[in-house]
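Protein chains: 4
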Amino acid sequence: MRLAFFGDVVGRAGRRALEDHLPRLKLELSLDFVVVNAENAAGGFGITEAIADDIFQNGADCITLGNHSWDQRDALTYITREDRLLRPCNYPPAVEAPGKGANLFTLPDGRRVAVISVLGRLFMDSLDDPFQAVERELNNVPLGMVADAVLVDVHAEATSEKMAMGHFCDGRASFVVGTHTHIPTADAQILPGGTAYQTDAGMCGDYDSVIGMKKEGSVKRFSTRLPTERMGPAEGPATACGVMVETDDKTGLAVRIDPIRVGGRLKETLPD
Amino acid sequence: MRLAFFGDVVGRAGRRALEDHLPRLKLELSLDFVVVNAENAAGGFGITEAIADDIFQNGADCITLGNHSWDQRDALTYITREDRLLRPCNYPPAVEAPGKGANLFTLPDGRRVAVISVLGRLFMDSLDDPFQAVERELNNVPLGMVADAVLVDVHAEATSEKMAMGHFCDGRASFVVGTHTHIPTADAQILPGGTAYQTDAGMCGDYDSVIGMKKEGSVKRFSTRLPTERMGPAEGPATACGVMVETDDKTGLAVRIDPIRVGGRLKETLPD
Amino acid sequence: MRLAFFGDVVGRAGRRALEDHLPRLKLELSLDFVVVNAENAAGGFGITEAIADDIFQNGADCITLGNHSWDQRDALTYITREDRLLRPCNYPPAVEAPGKGANLFTLPDGRRVAVISVLGRLFMDSLDDPFQAVERELNNVPLGMVADAVLVDVHAEATSEKMAMGHFCDGRASFVVGTHTHIPTADAQILPGGTAYQTDAGMCGDYDSVIGMKKEGSVKRFSTRLPTERMGPAEGPATACGVMVETDDKTGLAVRIDPIRVGGRLKETLPD
Amino acid sequence: MRLAFFGDVVGRAGRRALEDHLPRLKLELSLDFVVVNAENAAGGFGITEAIADDIFQNGADCITLGNHSWDQRDALTYITREDRLLRPCNYPPAVEAPGKGANLFTLPDGRRVAVISVLGRLFMDSLDDPFQAVERELNNVPLGMVADAVLVDVHAEATSEKMAMGHFCDGRASFVVGTHTHIPTADAQILPGGTAYQTDAGMCGDYDSVIGMKKEGSVKRFSTRLPTERMGPAEGPATACGVMVETDDKTGLAVRIDPIRVGGRLKETLPD
Ligand SMILES: [Fe+2]
Ligand SMILES: [Fe+2]
Ligand SMILES: [Fe+2]
Ligand SMILES: [Fe+2]
Ligand SMILES: [Fe+2]
Ligand SMILES: [Fe+2]
Ligand SMILES: [Fe+2]
Ligand SMILES: [Fe+2]
Numbered sequence: 001m002r003l004a005f006f007g008d009v010v011g012r013a014g015r016r017a018l019e020d021h022l023p024r025l026k027l028e029l030s031l032d033f034v035v036v037n038a039e040n041a042a043g044g045f046g047i048t049e050a051i052a053d054d055i056f057q058n059g060a061d062c063i064t065l066g067n068h069s070w071d072q073r074d075a076l077t078y079i080t081r082e083d084r085l086l087r088p089c090n091y092p093p094a095v096e097a098p099g100k101g102a103n104l105f106t107l108p109d110g111r112r113v114a115v116i117s118v119l120g121r122l123f124m125d126s127l128d129d130p131f132q133a134v135e136r137e138l139n140n141v142p143l144g145m146v147a148d149a150v151l152v153d154v155h156a157e158a159t160s161e162k163m164a165m166g167h168f169c170d171g172r173a174s175f176v177v178g179t180h181t182h183i184p185t186a187d188a189q190i191l192p193g194g195t196a197y198q199t200d201a202g203m204c205g206d207y208d209s210v211i212g213m214k215k216e217g218s219v220k221r222f223s224t225r226l227p228t229e230r231m232g233p234a235e236g237p238a239t240a241c242g243v244m245v246e247t248d249d250k251t252g253l254a255v256r257i258d259p260i261r262v263g264g265r266l267k268e269t270l271p272d
Numbered sequence: 001m002r003l004a005f006f007g008d009v010v011g012r013a014g015r016r017a018l019e020d021h022l023p024r025l026k027l028e029l030s031l032d033f034v035v036v037n038a039e040n041a042a043g044g045f046g047i048t049e050a051i052a053d054d055i056f057q058n059g060a061d062c063i064t065l066g067n068h069s070w071d072q073r074d075a076l077t078y079i080t081r082e083d084r085l086l087r088p089c090n091y092p093p094a095v096e097a098p099g100k101g102a103n104l105f106t107l108p109d110g111r112r113v114a115v116i117s118v119l120g121r122l123f124m125d126s127l128d129d130p131f132q133a134v135e136r137e138l139n140n141v142p143l144g145m146v147a148d149a150v151l152v153d154v155h156a157e158a159t160s161e162k163m164a165m166g167h168f169c170d171g172r173a174s175f176v177v178g179t180h181t182h183i184p185t186a187d188a189q190i191l192p193g194g195t196a197y198q199t200d201a202g203m204c205g206d207y208d209s210v211i212g213m214k215k216e217g218s219v220k221r222f223s224t225r226l227p228t229e230r231m232g233p234a235e236g237p238a239t240a241c242g243v244m245v246e247t248d249d250k251t252g253l254a255v256r257i258d259p260i261r262v263g264g265r266l267k268e269t270l271p272d
Numbered sequence: 001m002r003l004a005f006f007g008d009v010v011g012r013a014g015r016r017a018l019e020d021h022l023p024r025l026k027l028e029l030s031l032d033f034v035v036v037n038a039e040n041a042a043g044g045f046g047i048t049e050a051i052a053d054d055i056f057q058n059g060a061d062c063i064t065l066g067n068h069s070w071d072q073r074d075a076l077t078y079i080t081r082e083d084r085l086l087r088p089c090n091y092p093p094a095v096e097a098p099g100k101g102a103n104l105f106t107l108p109d110g111r112r113v114a115v116i117s118v119l120g121r122l123f124m125d126s127l128d129d130p131f132q133a134v135e136r137e138l139n140n141v142p143l144g145m146v147a148d149a150v151l152v153d154v155h156a157e158a159t160s161e162k163m164a165m166g167h168f169c170d171g172r173a174s175f176v177v178g179t180h181t182h183i184p185t186a187d188a189q190i191l192p193g194g195t196a197y198q199t200d201a202g203m204c205g206d207y208d209s210v211i212g213m214k215k216e217g218s219v220k221r222f223s224t225r226l227p228t229e230r231m232g233p234a235e236g237p238a239t240a241c242g243v244m245v246e247t248d249d250k251t252g253l254a255v256r257i258d259p260i261r262v263g264g265r266l267k268e269t270l271p272d
Numbered sequence: 001m002r003l004a005f006f007g008d009v010v011g012r013a014g015r016r017a018l019e020d021h022l023p024r025l026k027l028e029l030s031l032d033f034v035v036v037n038a039e040n041a042a043g044g045f046g047i048t049e050a051i052a053d054d055i056f057q058n059g060a061d062c063i064t065l066g067n068h069s070w071d072q073r074d075a076l077t078y079i080t081r082e083d084r085l086l087r088p089c090n091y092p093p094a095v096e097a098p099g100k101g102a103n104l105f106t107l108p109d110g111r112r113v114a115v116i117s118v119l120g121r122l123f124m125d126s127l128d129d130p131f132q133a134v135e136r137e138l139n140n141v142p143l144g145m146v147a148d149a150v151l152v153d154v155h156a157e158a159t160s161e162k163m164a165m166g167h168f169c170d171g172r173a174s175f176v177v178g179t180h181t182h183i184p185t186a187d188a189q190i191l192p193g194g195t196a197y198q199t200d201a202g203m204c205g206d207y208d209s210v211i212g213m214k215k216e217g218s219v220k221r222f223s224t225r226l227p228t229e230r231m232g233p234a235e236g237p238a239t240a241c242g243v244m245v246e247t248d249d250k251t252g253l254a255v256r257i258d259p260i261r262v263g264g265r266l267k268e269t270l271p272d
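Residue numbers (the working numbering), protein chains in the order written: chain A, 1 to 272; chain B, 1 to 272; chain C, 1 to 272; chain D, 1 to 272.
So that you can see chain A by itself, here it is in the shape it has in the complex (with noise of 0.2 angstroms):
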């Protein structure tokens, strides 16, 4: 199965590199299931049912949330209506957080995909255990019987944490990927186990900014310590930057894991 992740969505400029690449991407890249994060499409914060609808109407099959899931609130209600959108899977268990944190999807074909979402915890406003939050949802899931796919998305700032998740699925799980940080990372591989592993999908955002934020006001914030006005997203051209995994269904394990990166500033990467 060739599943595909793509990033942090940033605002008008990531939607616009999701709407021109993805939907070709899809076609060419034969991909079965595409997930994206989107926690950043509303103007930098969190997520609209009309963004939503344009992002699976270019080819997404399920999105996910994180720190920002909630930045606009309408998402608090209209999550309770689309089993396709996720908000992390770490609230406290006796807490009826709206919407879903991992959901099992079943391919015209009949094959299932299982993707969880899960907030991490170092350096962040966190969640429950991040890590026992996914022990319970992969053991919902078990690869190779109940889903033939199985893609963790690890929204985390630190690095450690994120290998560490890898590991922690090692085996268990097809795919996991970091997001949050907004830049891709080069480490993509398939690690001992046979779990596709990348600690940073990237964002689909303007490279030319900070983390997809316009960078004048930024640099003023870092540099001075003074307030400025509220930022909104760099409106240059965008990197649509994302990840392929191919899995054997046989085991659900991986067999390959390509980056995507195209359009925009950085240079561009495709699958052979």
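Calculated directly from the structure, the hints in this document are not laboratory data.
Since the list gives no way to pick one copy over another, a pair counts as held whenever it fits inside one copy or between any two copies.
Result set (DSBU-like, lysine-lysine): computed pairs, CA atoms no more than 35 angstroms apart in a straight line: (1) K26 <-> K267; (2) K26 <-> K250; (3) K267 <-> K220; (4) K100 <-> K250; (5) K220 <-> K100.
Take the given structure of chain A and dock chains B, C and D with the ligands to it, following the hints.
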């Protein structure tokens, strides 16, 4: 001029990767000047004189440090005798921190390269303001006048702070490169003002690990929150991760940036 | 019932303050049950069996720990043999953390006191969600039914998280008291639902120090950002800091809360 | 000389507490100079000119701010016209931050009081190094020579950083007092060098709250991790929390320190 920078050397495996590849790469790529961040070279924690000697022997012209600068206490005295070893420049100005945070090197052919080391502030045990410190150091070595090339090693956790530093230096440095996360980023670019930039160079270390350290203990700590034995560096085959930048000798600005990843588990990438 | 709680015992000076004052206070104040946080009793870092024995000898009926629980590794085994020693209750449920995070004690006269230890999350290397963990523990010991008194030690940095925990437990615990900052707060009150509350009990230690540790090295570290020798506890005359709470045996709720500060540099304060 | 300092005024309830008690206390305690931290006076977030005017009217001679200085943006311009309003002194020196971080006030009888505001670095969105900044400001107003009294407001989260600042200033300031945690500490003392010290002055606000804000929303956020409505200040009867210090006019050092807590839920405490 051709500069190369290699990221955090982690333990023996990382040192061996440098030893295996740097001498050859220096020749094959006609590198004029090589900087290596070696804050984790001694068993993952700091650096010793003997280890620094080996790294210089293998082709480093300058070694930078970071938050682990003083993990081996004798570095506090060694650095006062070794001008090619730099610790971050943003110690409080009134403090007589040992060693230097920046230095200007003269090549055999008379060209001069300035290297500046700076420690970030976000999510770190911080030093003084990194932006004002870099401003001060940049003013000491105007590009194209005092220095033919200026390289800034931003040792920082957050991608936002590193990108902001890139833009802050844009047009005034030849190359701004991040370190500390131990994972190479795939965002090499030349910023609009002519400064080459990559958010993190990545480590020289074993990528079947948690940021270079043995994975078993680290995963256990993350998932149980209980103490484990003191963690050591992973010892499998390591990847040497770096970046090559070519500058225009008239302006000191970058004309080319190419990642280097050789050995170990990551896909080999070399300048054409 | 009369409960007393004493905050983080720091090193030898803190232990001596307990030894000097606790036996006498237990008699004079007719204390039924005494809890002592002793996470820093062994040279500032953790606890040993010998030290715990002394503290029990001096009148403690229960000892709580915190983020320094395992600084002395033998505590990991000692705690499995000693039911009166508690570590935080919010380890991930699936983890078999040694020892207990809560316990129900029976007094000679048959009354029962529940003690719950929990670690905060804000600005700390966090465990699992403290609120859900306390919810679970409180449900095990309904006040006035299973337990005649319930005491919660919130080992946390942020005043906001501690106050929120106070209100979260209001009406369900007899006494919620904070630890970890090593400075007593002057906000003792009975919350509207009947729970006695104080944000921090303060430490048993020398207040001519930096939170109990020698001041010279600490000030030097803060002002120079350079490493200093390993810091030890300050050794001047120490203050025993605690809080006394009286409960109504019918409801288990608090009818009185009074700070205790005796010895050392702080102004003496004792219940009338 | 008799100085008093009142901690973070939170919203209308906090302002009313000042209004109810400060004019009377200033007379009864023969206060020569009163400083009020009012960073949360405007609905919990920042300060406005109209609110500052009221606080000056009620007897404040100087107002200090903190991390919330600019929450109301017009404070950025108001502060340039009002020398009695201070923001933290540790903005990067090269930055032209509006207003002042320290000022020297002359009393009607000719005595001079220096007030210094500084923002901590631990667990905060930090400014420049607080220790070097305070060093610089203290050097401008040698105690007993240029200034008859020197007061330092350390707006910081961590008790360790605040105590370290106390010792750092010991013998060079009359009074070092912490703010920001909104909870008064019970550790008033005169340090060995003659500087009066209290880790936190506490807030002027309603203590049936979470650090001055309505408790319901705050507890819900902590326990569910879900967004709630924007939180406003609690509106019950507030306590005015402060500290009185008496100095020796010959040396500028402290001879007496007494907490002040009046009104609201906390036990009343006044200098004899
Ligand atoms: Fe994001
Ligand atoms: Fe995020
Ligand atoms: Fe490193
Ligand atoms: Fe580092
Ligand atoms: Fe402690
Ligand atoms: Fe602690
Ligand atoms: Fe405040
Ligand atoms: Fe504050």
